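A.B. asks: So you can see what is in the structure, the chains are spelled out below.
There are 2 protein chains.
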Amino acid sequence: MAHQILKALKDKGFRLTKVRKLIIEIFLSNSAAPISAVELKARLMAADADANKTTVYRELDFLSEQGIVVEVNAGDGKKRYELNRDGHHHHILCLRCSAVECVTVDNCTLQEELKRVDSKSFKITGHSLNFFGLCEECQ
Amino acid sequence: MAHQILKALKDKGFRLTKVRKLIIEIFLSNSAAPISAVELKARLMAADADANKTTVYRELDFLSEQGIVVEVNAGDGKKRYELNRDGHHHHILCLRCSAVECVTVDNCTLQEELKRVDSKSFKITGHSLNFFGLCEECQ
DNA sequence: ATTATATTGCAACGTGGTTGCATTTGTCAA
DNA sequence: TTGACAAATGCAACCACGTTGCAATATAAT
Ligand SMILES: [Mn+2]
Ligand SMILES: [Mn+2]
Ligand SMILES: [Zn+2]
Ligand SMILES: [Zn+2]
Numbered sequence: 080m081a082h083q084i085l086k087a088l089k090d091k092g093f094r095l096t097k098v099r100k101l102i103i104e105i106f107l108s109n110s111a112a113p114i115s116a117v118e119l120k121a122r123l124m125a126a127d128a129d130a131n132k133t134t135v136y137r138e139l140d141f142l143s144e145q146g147i148v149v150e151v152n153a154g155d156g157k158k159r160y161e162l163n164r165d166g167h168h169h170h171i172l173c174l175r176c177s178a179v180e181c182v183t184v185d186n187c188t189l190q191e192e193l194k195r196v197d198s199k200s201f202k203i204t205g206h207s208l209n210f211f212g213l214c215e216e217c218q
Numbered sequence: 080m081a082h083q084i085l086k087a088l089k090d091k092g093f094r095l096t097k098v099r100k101l102i103i104e105i106f107l108s109n110s111a112a113p114i115s116a117v118e119l120k121a122r123l124m125a126a127d128a129d130a131n132k133t134t135v136y137r138e139l140d141f142l143s144e145q146g147i148v149v150e151v152n153a154g155d156g157k158k159r160y161e162l163n164r165d166g167h168h169h170h171i172l173c174l175r176c177s178a179v180e181c182v183t184v185d186n187c188t189l190q191e192e193l194k195r196v197d198s199k200s201f202k203i204t205g206h207s208l209n210f211f212g213l214c215e216e217c218q
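Residue numbers (this note's numbering), protein chains in the order written: chain A, 80 to 218; chain B, 80 to 218.
Hints were generated in silico from the structure; no laboratory data involved.
Some hints could be false.
In this list, chains with the same sequence are indistinguishable; a pair is considered to hold if it fits within one copy or across any two.
Said to hold, decoys possible - With a straight-line cut-off of 27 Å between C-alpha atoms, the simulated DSSO-like cross-links for lysine-lysine are:
no.: 1; residue 1: K158; residue 2: K132
no.: 2; residue 1: K120; residue 2: K97
no.: 3; residue 1: K89; residue 2: K100
no.: 4; residue 1: K158; residue 2: K202
no.: 5; residue 1: K89; residue 2: K132
no.: 6; residue 1: K157; residue 2: K132
no.: 7; residue 1: K100; residue 2: K86
no.: 8; residue 1: K120; residue 2: K132
no.: 9; residue 1: K157; residue 2: K120
no.: 10; residue 1: K120; residue 2: K158
Small disclaimer: the values here were computed from a predicted structure and weren't measured.
Using the sequences and the hints, build the whole thing.
C.D. replies: Set out below in structure tokens:
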């Protein structure tokens, strides 16, 4: 599964760095929750592949541009990223510890809401729905 | 309208500062869109009541705690605040210029969505729905 | 092995926001 | 009116998250 991603990148003339490959591995084995740059850096470190923070940020930007990961706005001040699986979904996040969880949604009813809004001057291209609350531990 | 807010604060033992009164005025006369700390500071300056940035941030925290304003997460890196009018609503925001607009919603269909989610470990207390797109000027 | 250039590390910078502490100001009671 | 006490303020320094310029390094094609 990683191989297709890697091959696609290589075919576009990008290099398959040690860190790049590892980051993709991390995202693939981490379907649970979106992670931040700091968390990713920590995971790299844990995998004996330390990388400079600048590199981590640049790599996240790169993978976003390449459509391999997507940015997830969790409402706290930090960007998070998750693998760009297809399938629309929403997120729940803890107001105390900022834990984030993905919520798959069978048929998103927000398209009608969108219609109501699109009539205005804004041209709507997407939406983000976050549920706030307290996770099990923080309750 | 401002008088009730001010009286309530005074009754709780808080002081009616020049800046505090002006900020409340600004929020009351600004039903349009949520504003950031920097924007608020600029408006104060324009009203001949310059205030230190620390004071502005502290006052926004204070008014949030007092339930007079509410934080609006617009997805760009900065907090915004709006008057805590009752009545649930959502927001649209421009991906280019970060303009934010409030969208009133007659009957928010998200309560069912919430049910589906609340069954999990998270205890949901609220949600935030943002529509992303391009405003008229930025299209 | 050589080469071209994609990637990296470092240090410095930027923005949004916070904190400790000394000073000022609002409020109330004498 | 005048103190006095606590709330609010200004300042400077700090913090987290993220970005940028540039020189050094690593990948991969020849
Ligand atoms: Mn997700
Ligand atoms: Mn609003
Ligand atoms: Zn939690
Ligand atoms: Zn715009």
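A.B. asks: Given identical chains, is K100 near K86, meaning Cα to Cα at most 27 Å, within a copy, between copies, both, or neither?
C.D. replies: within (11 Å within a copy, 61 Å between copies)
A.B. asks: How would you classify K158 and K132 at a CA-CA limit of 27 Å: within, between, both, or neither?
C.D. replies: both (14 Å within a copy, 25 Å between copies)
A.B. asks: Check K120 against K97 for me: Cα-Cα at most 27 Å, and say if that holds within a copy, between copies, both or neither.
C.D. replies: For K120 and K97, the Cα distance is within 27 Å only inside one copy (14 Å; across copies 47 Å).
A.B. asks: How would you classify K157 and K120 at a CA-CA limit of 27 Å: within, between, both, or neither?
C.D. replies: Both ways: K157 and K120 sit 14 Å apart in one copy and 24 Å across, limit 27 Å.
A.B. asks: Can you tell me if K157 and K132 fall within 27 Å by alpha carbon in one copy, between copies, both or neither?
C.D. replies: Both: 14 Å inside a copy, 22 Å across copies.
A.B. asks: Could you figure out if K89 and K100 sit no more than 27 Å apart (CA to CA) within one copy, between two copies, both or neither?
C.D. replies: Result: close within a single copy only, 11 Å intra versus 60 Å inter.
A.B. asks: At most 27 Å between C-alpha atoms: does K120 with K132 qualify within a copy, between copies, both, or neither?
C.D. replies: within (7 Å within a copy, 33 Å between copies)
A.B. asks: Under a CA distance limit of 27 Å, which applies to K89 and K132: within one copy, between copies, both, or neither?
C.D. replies: within (24 Å within a copy, 48 Å between copies)
A.B. asks: At most 27 Å between CA atoms: does that hold for K158 and K202 within a copy, between copies, both, or neither?
C.D. replies: Cα proximity of K158 and K202: in one copy and across copies (24 Å, 23 Å).
A.B. asks: From the Cα coordinates, with 27 Å as the cut-off, is the pair K120 and K158 best called within, between, both, or neither?
C.D. replies: Both. Shortest intra-copy (14 Å) and inter-copy (26 Å) distances satisfy the 27 Å Cα cut-off.
Violated hints are absent here; each numbered hint is respected by the structure.
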